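Enquirer: Chain residues, written in single-letter form:
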Amino acid sequence: MMNDDTYLGSVQDVNGTTVSVSISKDSLTGFIYIDGQGYRIGQIGSFIRIPIGFVDLFGIISQVGASSVPDSLAQSQPNGNRWMTLQLIGEAQRNGTFQRGISQYPTIGDEVHLVSEKELERIYGQPDKPYFVKLGHIANAESIPALVDVNKLITRHSAIVGTTGSGKSTTVASILNALSDNERYPSARILILDIHGEYAQALHDRAEIFKIGANRTSKYVENELFIPYWALNFDELCEISFGEFANEKDRNIVLERIQKSKEESLKKYSKKGANIDALSVDSPIPFSLNHLWYQLYLETFGTYNKSKGGKPIENLVFDVDSDGVELKGNPISGIPPIFKNVMVDAGVAAADKVNYLPNPLNLGKQLSLLGSKLRIPRYNFIFKPGKWTPDEDGKVEKDLDDLLKGWIGSKKPITILDLSGVPNDILNTIIGIVLRILYEALFWSKDLSQGGRHRPLLIVMEEAHIYLNDSFKGMASKTVQRIVKEGRKYGIGAMIVSQRPSEINSTILSQCGTFFALRLANSTDRGHITGAISDSLESLTSMLPILRTGEAIILGEAVKLPMRTIIEAPPKNRRPDSQDPIVYDEIPEEDSQNTGGWGIKMEDNPKYDELVETWRSQNPTIEKVIK
Amino acid sequence: MEREHVESSNIESIGYDSDNQTLEIAFLNGSIYQYFDVPEHIHQEMMDADSQGKYLAHQIKGHYRYSKV
Chain A
-11 MMNDDTYLGS VQDVNGTTVS VSISKDSLTG FIYIDGQGYR IGQIGSFIRI
39 PIGFVDLFGI ISQVGASSVP DSLAQSQPNG NRWMTLQLIG EAQRNGTFQR
89 GISQYPTIGD EVHLVSEKEL ERIYGQPDKP YFVKLGHIAN AESIPALVDV
139 NKLITRHSAI VGTTGSGKST TVASILNALS DNERYPSARI LILDIHGEYA
189 QALHDRAEIF KIGANRTSKY VENELFIPYW ALNFDELCEI SFGEFANEKD
239 RNIVLERIQK SKEESLKKYS KKGANIDALS VDSPIPFSLN HLWYQLYLET
289 FGTYNKSKGG KPIENLVFDV DSDGVELKGN PISGIPPIFK NVMVDAGVAA
339 ADKVNYLPNP LNLGKQLSLL GSKLRIPRYN FIFKPGKWTP DEDGKVEKDL
389 DDLLKGWIGS KKPITILDLS GVPNDILNTI IGIVLRILYE ALFWSKDLSQ
439 GGRHRPLLIV MEEAHIYLND SFKGMASKTV QRIVKEGRKY GIGAMIVSQR
489 PSEINSTILS QCGTFFALRL ANSTDRGHIT GAISDSLESL TSMLPILRTG
539 EAIILGEAVK LPMRTIIEAP PKNRRPDSQD PIVYDEIPEE DSQNTGGWGI
589 KMEDNPKYDE LVETWRSQNP TIEKVIK
Chain B
32 MEREHVESSN IESIGYDSDN QTLEIAFLNG SIYQYFDVPE HIHQEMMDAD
82 SQGKYLAHQI KGHYRYSKV
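For the protein sequence lines, the chains are A and B, in the order given.
When we follow our numbering, the leftmost residue of the first sequence carries the number -11, and every step to the right adds one.
When we follow our numbering, the leftmost residue of the second sequence carries the number 32, and every step to the right adds one.
The set of hints was computed from the structure by calculation and includes no laboratory data.
Note that the coordinates shown come from a computational prediction; the quantities given were computed from them, not determined experimentally.
Please note that a few of the clues may not be correct.
[Claimed, not checked] Here are the computed lysine-lysine pairs in the DSSO-like style, where the Cα-Cα straight-line distance is at most 27 Å:
1) Lys595(A) / Lys99(B)
2) Lys99(B) / Lys612(A)
3) Lys85(B) / Lys589(A)
4) Lys299(A) / Lys85(B)
5) Lys248(A) / Lys316(A)
[Unchecked claim] Over 10 Å on every C-beta distance to chain B, these chain A residues come out as not near it, computed from the model:
6) Ala202
7) Lys255
8) Asp340
9) Arg366
10) Lys589
C-beta atoms are modelled at their ideal positions from N, C-alpha and C, and glycine is treated no differently.
Same shape as in the complex, but just chain A:
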């Protein structure tokens, strides 16, 4: 191993893990041949080896040239450019395997050697163990595969960051492709929160797809995504249904009513594991929100006739339509009742007098808001959740087990929750809810074979800066913080994907054990990554702006050493559909599979009424399309 060919220079200064090396005159040619392969000397980010007795220390070159001169020598060698600075990272027994951390320091005069490809293999090359997945190869050594430890990757969380167009989605697809290999990992369990609906195309044969407004004519099977409102806890439910309450008293009234509805439902349809005494308003027990809404509506807006005996609420007076039918409304479809106007004039006969209810509830705003949500179709996935819709007494056709089985218990390794149809104002809350439901389910079932500890779940969060933003205290951010802090004990791993890491809550980012850093030009974003990585290898992140597309620095727990990796792109038909619209097609028109762009003549009679139709119906498909 002691090879003079590889000799670079000698150690002159050691300061913590930073080592200054003076480069020998002989190696200043800049190019060394070892085993017929050429190596450039002093490439930032390349490895060096310092043999000390029976141990080899390894380091990474972080600086070369004049500014690498140790401070004390700067005076005497103002033009000293034969210097480089290294960061020590680990050691290996002679002919043994590489380990992070060092047990001893180099001293002045120790030789510094270049690391050849053969030796690199010793550092990176892992025996062919199935818990390592190959994502590509090391950037300047094509023969060395870039291997990532699945155990650490999933349980210690990870983050994939990079500017738009740096190959982020391809990296995700590549990782998912490797992890969903059915032969290696027959019970892999991955859930993707797909904000833009990009992944169905790439992973349709390995994934169960859940989507709001599932398209039956689609090329792939899509399941309808439902999130039953009764599975939410009280705070979540209020956030998406009633909105803010004016005061604590109003809130308590609603809380008590929901609790009561859940109690009655549970009394009638007992559920294993739930009992009346331990029931709380947060328990996932089906109840009819529609009927609760209707009842509260009556008590808030109702008018009644005093002359009849009995309770006021039993003598409500509804307005009538032109056919004389009472306008009682309809709880199921969210149509509110219409009451007769108050009439208390002296001239009116007692039997015709109409009064407001005594002590009406003060929930007008909240009930109107919820009423509109019960009627609008785009909220159906939550308020009319298919077979999970409870009857008035709380009877449901399907319970939560079917819901969870669909999400994380299907035969396929990947589940895609396509959230592109979720109204923007509640996206954050919905993601928070989905994650909380999964977290609770896997947390409590930790001893079961399908629980998180025995079949861990990887949650891939695409476009995470949208909902894990630091600037607002959203529900998603709260739940993800819990997952990254505690999830690892219960088998829930997060993979956070974003082009804007500086907008992601810093607690979340700092808990990510592994980083896949692709090209990142923005300095604020880079600073955020530098701050979040625990290694003393900050200098590596200075490389981020000059990485090529599809090239990533992988660093953290899942890899032995930071690796500059060329990610192997999956085959064309397995890449996510995140393509930008084409402005001018590069392919000749006759062969193009593109229908639009600025290069094609505009149609003669553009119909903007169809454009408005899609907006009004909140559905990109117009009626004219033949299904």
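Given chain A, put chain B in place with the hints provided.
Expert: For chain B alone, coordinates are given in the frame of chain A:
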């Protein structure tokens, strides 16, 4: 809608609904488009054309409005 397979460098199959005058085109990459208010003779001409890709580029793109389906 039923589509008829064609040999082309970009089109996989072509369908036509004469009641609605809708022409449906499936590309080789799997995306499907419906062109609206396309007269029947245009569909006929397209099917008879030497190159459907060429016909699409010159006679349909930029003449009829469409929707991805």
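Enquirer: Against this structure, judge whether each hint is valid.
Expert: Hint check:
| no. | hint | verdict |
| --- | --- | --- |
| 1 | Lys595(A) / Lys99(B) | 15 Å, holds |
| 2 | Lys99(B) / Lys612(A) | 12 Å, holds |
| 3 | Lys85(B) / Lys589(A) | 15 Å, holds |
| 4 | Lys299(A) / Lys85(B) | 79 Å, violated |
| 5 | Lys248(A) / Lys316(A) | 24 Å, holds |
| 6 | Ala202 | 14 Å, holds |
| 7 | Lys255 | 49 Å, holds |
| 8 | Asp340 | 57 Å, holds |
| 9 | Arg366 | 20 Å, holds |
| 10 | Lys589 | 3 Å, violated |
Going through the hint list in order, the structure does not satisfy hints 4 and 10.
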